[in-house]
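Engineer: Please construct the entire structure, taking both the sequences and the accompanying hints into account.
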Amino acid sequence: MRSPFDAPPWGGPAMDMPWQRKARMSVARRFPKLMKVPKPSVRLNESDRMKFARREWIAVHTPGHTHDHLCLFDQETGTLLSGDHVLPTITPHISGLTAHGDPLTLFFDSLDKIGNFANQINIALPAHGTPFGNVGDRVQAIKDHHVERLQKLRDTSADLSRPATVMEFSTHLFSPRAQGSMADSEAFAHLEHLRILGDFERRDKDGAYEYVLKD
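For the sequence shown, position 143 (counting from the first letter as 1) is numbered 350 according to this note's numbering, and the numbering increases by one without interruption.
No lab work stands behind these hints: they were computed from the structure.
It is possible that part of the hints are untrue.
[Stated by the list, open to error] Result set (SDA-like, lysine to any residue): computed pairs, CA atoms no more than 20 angstroms apart in a straight line: (1) Lys-412 x Pro-245; (2) Lys-350 x Thr-372; (3) Lys-359 x Arg-409; (4) Lys-359 x Asp-309; (5) Lys-421 x Asp-309; (6) Lys-421 x Asp-362; (7) Lys-421 x Glu-408.
Nothing here was measured: the structure is a model prediction, and the numbers come from that model.
Structural biologist: Right, dumping it as structure tokens:
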């Protein structure tokens with residue numbers, strides 16, 4: 208299992224985090240019994256049903272933000288617990304540090320899954336922000352946002368006319384305020400998506416990945 212203290216696979220710096228969090232994680236790694244991670248008491252599969260809050264909820268597996276992300280849908284009232292998958296004003300972080308080689312494709316597929324029954328959703332309750340409607344429109348807006356980012360990477364590579372690192376591409380996708388390990392990780396996820404599509408070539412130079420648009 209990869210540690211947050213490890214350098215990422217694309218050759219950039221390890222995640223920068225406050226010393227307090229580093230200390231807690233170091234203690235947890237050395238003495239795991241002192242800081243146990245919560246374990247789920249019930250595991251749900253796609254389309255499983257469970258009852259709580261006097262409602263019956265249908266499990267909707269929506270990998271992308273995390274591989275095990277789950278939304279819950281109440282058909283009777285049209286209520287969706289959208290978690291971190293569909294958010295009203297921001298988009299969830301799509302990390303390149305996953306076991307799946309193309310988390311962005313997983314995310315697109317999961318957005319389509321929600322979009323396919325969006326006309327049945329009256330209200331979505333997200334993990335961040337306030338409840339919202341028009342879920343189908345929001346799903347499309349999030350997809351459009353990532354499609355625009357993919358095109359931005361193509362245009363940036365064409366303008367540079369040379370291979371560039373993940374960290375360099377990241378500066379073209381994110382504002383200076385947002386720069387850091389999470390921005391690099393999401394840039395890596397998008398670059399790998401384009402590589403798998405056949406749009407980009409990846410090269411290894413001095414232990415760091417570089418990407419360049421194919422001719």
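Engineer: May I ask which of the numbered hints given earlier this structure violates, with the numbers listed in increasing order?
Structural biologist: 1, 2
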